[in-house]
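In order, the protein sequences belong to chains R and G. Count the first sequence with my numbering and you get residues 1 to 407, in order. Count the second sequence with my numbering and you get residues 1001 to 1264, in order.
These aren't lab readings, by the way, just hints derived from the structure by calculation. Beta carbons are placed, not taken as given, at the ideal position from N, Cα and C, and that holds for glycine. You may find that some hints are simply not true.
20 Å max Cα-Cα, derived EDC-like pairs, lysine to aspartate or glutamate [as the list claims (entries may be wrong)]:
(1) G:Lys1118 to R:Asp293
(2) G:Lys1158 to R:Glu282
(3) G:Lys1116 to G:Glu1132
(4) G:Lys1158 to R:Asp283
(5) G:Lys1116 to G:Glu1135
(6) G:Lys1118 to G:Glu1085
(7) G:Lys1116 to G:Asp1126
(8) G:Lys1116 to R:Asp293
(9) G:Lys1079 to R:Asp293
Some residues of chain R that are not near chain G, with every Cβ distance over 10 Å (derived) [claimed, not checked]:
(10) Thr54
(11) Val98
(12) Leu111
(13) Tyr199
(14) Leu247
(15) Leu268
(16) Gln288
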Amino acid sequence: MNVITIKNFRNALVTALWFMFLTFPIMVIKVNTTENLIVWRWHNLLYVGATAFTASLLTALYRQYRDRKRSQQQQEEGTSRVSWNERFFNTPAIARPVCALGALFFLVFPLLFSTYQVNIMTTALMYVVLGLGLNIVVGVAGLLNLGYVAFYAVGAYTYALLNMHYGVGFWVALPLGGIMAALFGILLGFPVLRLRGDYLAIVTLGFGEIILLVLKNWSEFSQGPGGISNISRPGLFNIQLSMEATLNYQYYLTIAMVLLTIFVINRLQNSRIGRALFALREDEIACQAMGIDKTTIKLTAFALGATWAGLAGVFFAAKNAYINPDSFTFLESAMILCIVVLGGMGSILGVIIGALVLILLPEYLRAFSDYRMLAFGAILVSMMIFRPQGIVANIRQSYRSSKDGAP
Amino acid sequence: MNMEPILSVRGLCMDFGGIRALDKLDLRIRAGEIAALIGPNGAGKTTFFNCLTGIYTPTAGELLLAPPGQPSRRLNGLKPNRVTEAGLARTFQNIRLFPGMTVLENVLIGRHCRTKAKILGAILRDPRTRREERENVDIGMALLKKVGLAHMADEVAKNLPYGAQRRLEIARALATEPLLLLLDEPAAGMNPQETQELISLIRSIRAEGLSILLIEHDMKLVMSLSDYIFVVDYGRKIAEGVPEEVRINPVVIKAYLGEEVDYA
Ligand SMILES: Nc1ncnc2c1ncn2[C@@H]1O[C@H](COP(=O)(O)OP(=O)(O)OP(=O)(O)O)[C@@H](O)[C@H]1O
Ligand SMILES: [Mg+2]
Chain R
1 MNVITIKNFR NALVTALWFM FLTFPIMVIK VNTTENLIVW RWHNLLYVGA
51 TAFTASLLTA LYRQYRDRKR SQQQQEEGTS RVSWNERFFN TPAIARPVCA
101 LGALFFLVFP LLFSTYQVNI MTTALMYVVL GLGLNIVVGV AGLLNLGYVA
151 FYAVGAYTYA LLNMHYGVGF WVALPLGGIM AALFGILLGF PVLRLRGDYL
201 AIVTLGFGEI ILLVLKNWSE FSQGPGGISN ISRPGLFNIQ LSMEATLNYQ
251 YYLTIAMVLL TIFVINRLQN SRIGRALFAL REDEIACQAM GIDKTTIKLT
301 AFALGATWAG LAGVFFAAKN AYINPDSFTF LESAMILCIV VLGGMGSILG
351 VIIGALVLIL LPEYLRAFSD YRMLAFGAIL VSMMIFRPQG IVANIRQSYR
401 SSKDGAP
Chain G
1001 MNMEPILSVR GLCMDFGGIR ALDKLDLRIR AGEIAALIGP NGAGKTTFFN
1051 CLTGIYTPTA GELLLAPPGQ PSRRLNGLKP NRVTEAGLAR TFQNIRLFPG
1101 MTVLENVLIG RHCRTKAKIL GAILRDPRTR REERENVDIG MALLKKVGLA
1151 HMADEVAKNL PYGAQRRLEI ARALATEPLL LLLDEPAAGM NPQETQELIS
1201 LIRSIRAEGL SILLIEHDMK LVMSLSDYIF VVDYGRKIAE GVPEEVRINP
1251 VVIKAYLGEE VDYA
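Just chain G, with the same shape it has in the complex (with noise of 0.2 Å):
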């Protein structure tokens, strides 16, 4: 594996007001890897999320993302969609899909930041434009019949069951044509069998190269699929390492008390 970090996160403080929910938070994601941020509830992971993704503006800290074979880029202050643009997509933890629009008009949202098509263009219909609208509507059904949902290309997004809607979040944001791609507790809500599912898709998209970092509650998917784990808690990085260390640091289990930690 390389052993080059994709993204490097130092220091990074986010504030409300009095509150910090961030504190100093410090982590290299490898390229190629899964990685899994845990931590108990209101820890700041979504936070951390909306910082990366420029929603946020963090208080101090850096961010930087280095795309293999080109110098590395600071994120800090760019805006959301610079953020996209520089190889960085997400989904949501309380999905936001565009509810009215077709499952393929949502992937091919996500493939803006990839095409050029102007308004002439768009009233011409010159040849350069119907190709990428051509090659736009391909790769967003490849990218729908890998997560299973090329049958449901016309429907409307909010007329899919939970567990489709989540897949739909990760085509969408794989539209971008991300290098690291974060996902914001994909397995919540989703039954045994879906989350097998789930499991088995997001380790068909790191063999395709990409990194990923993940959020998760559900404990079972975190250490059979993560390669690295950061434990955050009040905003801290409280721990790191490998699923096998971090499962008995006696500091993560501390975090955890009182919640019923499902160790399989």
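Here chain R stands alone, though its shape is the one from the complex (with noise of 0.2 Å):
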């Protein structure tokens, strides 16, 4: 039975009233600067208990239904759940005719829709990209990234610089493209291979910076703050495509990229390096104390994260044709860290999710676009709070041999 006891009637007092104190100024105050008044708007206070006192009370009962749940479901399974996503692998009558459809949906994308949503389509599978590619950084290894933005920059830098100055074509300039960016991820990889967590995000804040820095300011180098133009559109054997098919070639091109994304790093997941990886990430100090060199699969791990950066950057620079630095800001890292934190890290299928909601949603809701930045923090709140393990939880692949057969 839910219950509200006096202690949670207590503390919901205590948050309206921390909710109304710390408001106050901006919803309360509202000064005006030509007339110089200050409009007193009490009122809003009140909306403002209101709502944090029921909010906290939902919690509250949400939290006691939560806990229930679970020692119930202890109490019959003795083990721990099953995730959804492990249930739905799991059962391939359901699985099967559901990743077919899938699958159907972004093959025809192009003729159902006009070419303004496969513009965007395609950019949300480029964040599918990196989001998968960060994962392995920040979601396998548990090395958190804020500069990843950077790599994605030398990939795209790459190309376009190579393009400029030598004409080379997008084809060639794609693997160059991701081992640039994988030579980038070493070079980070380097100093900061004794930090850990805050302090190592820290660093990897500044990398990124550092790299917008010089992209800005270099322009013997870059063209500075006013970017390259005119970058050759990705060939396909020389034959002249009109606007429309070029746009669909390229979501074609992008999709072929988060196939083999997908492909990849599904198996090294669940790979040797993948099993090392995860592994730093469990116990640093255990890992070491089981034979796993801890500076290479460090490397490892920020040389493979980056190569998929550098690979989307060469993919964002011919699919715009024009890049500048203003297109790798720290806003987009965070972007990208959202996609894989509210995915699930360490799952392929919640970033893939994570991605195409995060980039898709603000595409389709123009209309409250003042509030994107606050639905983005609610989100990411709200998902913490109540689904820290992301929208996929990660599952452990089994591994059976030959020759045990079942247990």
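Mind assembling these two chains? They're in different frames, but the hints should get you there.
Right, dumping it as structure tokens:
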């Protein structure tokens, strides 16, 4: 039975008072500078208080409900719960048609929707690649990287500069962009080998800013804030494509890229290297004591993650045909990190869903664009409270040898 | 029994700021024996393991590992992973499994230093990588069977009962194919039946030719299991010998005075 105790009530009251106090300057006082007037909007205080009070009570009720459900489940099963995605993948009757439908949808997407929609979808898919790349670093290896966008920039500028100076085409630049980004990943990896958690986050943040500042200020090299334009789009055997065909072509290229990323990362995660990366996140000391070279594995994580950002960067430069440093600000890093955290750290499906939700929703909810950041914050905070493992919880692979068969 | 020492420690010192946690420690462990390291709380036993396995760099002294039929190697200054490669594997006093990974994956991590698959192999899954992975899983499952956890191979490690976690740590250490196994209080928190199972497990590991050094507070276990005992107090070795000698050594009894010692 759900009951509201005196304690819940008191907590709610305190929360409400705090909220009223904290929001007082912005919600109640309104200064009209032209007429030198101060308007006191006391009614707002009431709304804030009432909302905070109800929200606090509802949270308390939800917590009671959740705890009870958990203890019930533990009594029944004795072991941990099975997450929805595990159930989903373990029932082929549901999983197969859903996957087939999803694949079909993405395949015929350009036929059904306008070029505008196709363009947005291409962008979202690029974020899937970025998210999956960052997922290796943050989700799997547990190294909080706040400067991930720097590698994206490295990829984009590698292509843009090579194209501008030497006329290098997309297909040649693609692997080069990946390799350059990987090198920068190792470059960043060396100084931060000893750092963890917050310290690592701050240094990577700084790294991102350094790259951005270099791109902005070293004009002879990067053309400065003006950016680089007229970057060649990806070619298709020298065939001239119409505008719409180019967009569709880019869309399918990005789809191919996403598929490649999923394929590679899935195989990596369930390999010797992937396990070592995950172990690094779990316990660094035990990891070393089990014979894993911390240096190598950390650098591997940075390089692997950066490679995908580099590839995505080349795609980005080719798609827009124009880049400037403004595309590579910290906000972008934060966005990609949100994708990983919201989707579910370490889970490929989670990151895909996270990217699609976070990139597509704002596009389709343009009417509410004023509240975008507010909604963003609210979503993330509530995720942290109610589902810290992300939309899709990470499930571990089960390995079975041919010999043992069923236990 | 082979009388060659597999591990010789000479004059090992470890300082933490002004505190001398280990003071000129000398000990030798012979190949194929079960040795025990005992001493009151805070004597420096875990610190000794940490120095041995490269987690701490000793202030002074020499650690020599002599694999049978091979030239001996200095372990000082090696990184922990190198020490493991050289043939030392350990468990931790406060269990340090990889809690979010499955039981089998935990053991597979132990295989890391004995396998080679690189990134390209992982992506392409060429025959060699596949074979290596298959062998790994087989070895891992065999080890789990040995410690009695085979039926829980796909369970996430943090869901295991305490005693099972301790056994999993042993399986994980064995997966690194060590010459010398270091166990830090393996029986801590186990009930008498689990302890009994642990004793037979340790015996069966020794029967396969491994040398074992264990830290333990459970005197019954130490006395019944070990061939040789080292006693430390305040970082100094105060006694050594076979169980019968140590049991009646007045210095040891004095060091343990105040603690209820159960010499069963
Ligand atoms: N990293 C460290 N920094 C400073 N002092 C340390 C450190 N590690 C251990 N010590 C000190 O060294 C001494 C020995 O500790 P150690 O953990 O080795 O004892 P122990 O013999 O394993 O005890 P227990 O039986 O309780 O496990 C203690 O006084 C401890 O405070
Ligand atoms: Mg200890």
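(message) Hint check: lysine 1116 (chain G) vs aspartate 293 (chain R), CA-CA at most 20 Å. Holds or violated?
(response) Holds - the C-alpha atoms of aspartate 293 (chain R) and lysine 1116 (chain G) are around 13 Å apart, at most 20 Å.
(message) Given the hinted pair lysine 1116 (chain G) and glutamate 1132 (chain G), is their Cα-Cα distance within 20 Å?
(response) Given that 20 Å is the threshold and the Cα spacing comes to 8 Å, the pair holds.
(message) Is the claim that valine 98 (chain R) lies outside the interface with chain G correct, judged by CB distances over 10 Å?
(response) holds (24 Å)
(message) Given the hinted pair lysine 1079 (chain G) and aspartate 293 (chain R), is their Cα-Cα distance within 20 Å?
(response) holds (8 Å)
(request) Verify the proposed pairing of lysine 1158 (chain G) with aspartate 283 (chain R), using a straight-line Cα cut of 20 Å. (result) holds (13 Å)
(request) Assess, step by step, whether the Cα of lysine 1116 (chain G) is no farther than 20 Å from the Cα of glutamate 1135 (chain G), and give holds or violated. (result) holds (12 Å)
(message) Need the status of pair lysine 1118 (chain G), aspartate 293 (chain R): alpha-carbon distance at most 20 Å?
(response) Holds. Lysine 1118 (chain G) to aspartate 293 (chain R) sits at ~13 Å (cutoff 20 Å).
(message) A cut-off of 10 Å on Cβ-Cβ distance, and glutamine 288 (chain R) was said to be off the interface with chain G. Does that hold?
(response) Glutamine 288 (chain R) is in fact no farther than 10 Å from some Cβ atom of chain G, at 4 Å.
(message) Verify this label for me: leucine 111 (chain R) is non-interface relative to chain G, using a Cβ-Cβ cutoff of 10 Å.
(response) holds (32 Å)
(message) So leucine 268 (chain R) supposedly isn't at the interface. Is its beta-carbon more than 10 Å from every beta-carbon in chain G?
(response) The claim breaks: leucine 268 (chain R) does not keep its Cβ more than 10 Å from every Cβ of chain G (closest is about 5 Å).
(message) For threonine 54 (chain R), is the shortest CB-to-CB distance to chain G above 10 Å, so the non-interface label stands?
(response) holds (36 Å)
(message) Checking one constraint from the list: CA of lysine 1158 (chain G) to CA of glutamate 282 (chain R), max 20 Å. Satisfied?
(response) Given that 20 Å is the threshold and the Cα spacing comes to 11 Å, the pair holds.
Hints 15 and 16 from the earlier list are contradicted by this structure; the remaining hints agree with it.
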